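**Q** Listed below are the residues making up each chain.
Number of protein chains: 2
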Amino acid sequence: MKEIQLDFNDIKECPHSFVMAVNDTMNVLTGKWKLPIMATLIFGKKRFKEIEREIPRITPRMLSKELRELELNGIVKRTVHDSIPVSIEYEFTTSGRAIKHVLDAMVEWGLEHRQAVLNRH
Amino acid sequence: MKEIQLDFNDIKECPHSFVMAVNDTMNVLTGKWKLPIMATLIFGKKRFKEIEREIPRITPRMLSKELRELELNGIVKRTVHDSIPVSIEYEFTTSGRAIKHVLDAMVEWGLEHRQAVLNRH
DNA sequence: CTGTATCCTCCGAGATACTG
DNA sequence: CAGTATCTCGGAGGATACAG
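Those sequence lines, one after another, are chains D and A.
If you use UniProt numbering, the first sequence corresponds to residues 1 to 121, in order.
If you use UniProt numbering, the second sequence corresponds to residues 1 to 121, in order.
Please note: incorrect hints may appear among the correct ones.
[To be verified] Short, incomplete list of chain D residues facing chain A, as computed with Cβ under 7 Å: (1) Asp24; (2) Thr25; (3) Phe48; (4) Pro85; (5) Ser87.
[To be verified] Restricting the straight-line Cα-Cα distance to at most 30 Å, the calculated cross-link-like pairs of lysine-lysine (BS3-like) are: (6) D:Lys100 <-> A:Lys46; (7) A:Lys49 <-> D:Lys100; (8) A:Lys32 <-> D:Lys65.
[Stated by the list, open to error] Negatives, chain D to chain A, calculated, CB over 12 Å: (9) Arg68; (10) Ile84; (11) Glu108.
Since the hints were derived computationally from the structure, they do not count as laboratory data.
Here the structure is a predicted model, which means the values were calculated and not measured.
Even for Gly, the Cβ is constructed at its ideal location relative to N, Cα and C.
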């Protein structure tokens, strides 16, 4: 559970709280599997095996690890239903779901940037 | 110059162009030094040595590598002034500067999320 | 079904020295 | 000043097997 530590704390124009906020956000977005996992949860609760099935090539080790990290970071909620056999469901927290606004900004910039690059050939 | 390849192309709810756009954006934000480098360019052109001085602990190797990558991705423009000795300046492209909108969204979410996490202790 | 435990590989990044 | 060339290493992530 290591913290990514961006090293521009000394740049005077960046208030420390802004830098921390960007750090927090990057923490939730970086790594190979976090975005794919979040994508599977957009339309509601899912069980471990469902998520695993929807993400080609992910291993249970990585899925477990990333879900635990997302839970610790308050992005997803894990619920144990003690049926037989037990089933476990993952879903976004309210705050976790709101990261969609960041993704929207990324989509918008990404599309515009690709267009801008194409326009100069 | 490897491309980060997010592996959720098969998730039907994500239009491929949106996935590509998020990929493009992540490409520009990930890694240890890209954000610090961009932060130094917010207020205008800078020379290699100036950027190096403003970012503690970065090595010329990494600065060179990241600047080249940002240039190839159309984020920064590199200008050679053939004075004696030559001086070289780096600055945002128009499209590169616009990534600030993404950072704004990240700051907003990051601050709100931190607050949300604190509120439930 | 919902994960852990081991072992292993590869690459991002650091250290250091050098070049035009 | 504006970089490049080597060498090295830790850690993210993969493969495979196993557990409750």
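**Q** Now, for every hint given, state plainly whether the structure supports it.
**A** Outcome of the hint check:
Annotation: interface hint on D:Asp24 holds; nearest CB of chain A at approximately 4 Å, less than 7 Å. Look at D:Thr25: its Cβ gets to within about 4 Å of chain A, closer than 7 Å, so that hint holds up. The closest approach between the C-beta of D:Phe48 and any C-beta of chain A is roughly 17 Å, which is over the 7 Å cut-off, so the hint fails. Hint on D:Pro85 is violated. Least Cβ distance to chain A is approximately 27 Å, over the 7 Å limit.
With 7 Å as the threshold, the beta carbon of D:Ser87 stays out of range of chain A, its nearest partner Cβ sitting at about 22 Å, so the hint is violated. Among the hinted pairs, D:Lys100 with A:Lys46 is inconsistent with the structure: their alpha-carbon atoms are about 34 Å apart, more than 30 Å. About 38 Å separates the Cα atoms of A:Lys49 and D:Lys100, which puts this hinted pair outside 30 Å; it is violated. In summary, the hint linking A:Lys32 to D:Lys65 is supported, as the alpha carbons are separated by about 22 Å, within the 30 Å threshold.
Remark: the non-interface label on D:Arg68 is consistent with the geometry, its nearest Cβ contact in chain A lying 16 Å away (cut-off 12 Å). Chain A leaves D:Ile84 outside its interface by the beta-carbon criterion, the shortest separation being 31 Å against a cut-off of 12 Å. Distance check on D:Glu108: its Cβ comes as close as 7 Å (rounded) to a Cβ of chain A, failing to clear the 12 Å threshold; non-interface status is violated.
Violated hints, in rising order: 3, 4, 5, 6, 7, 11; the structure is consistent with all others.
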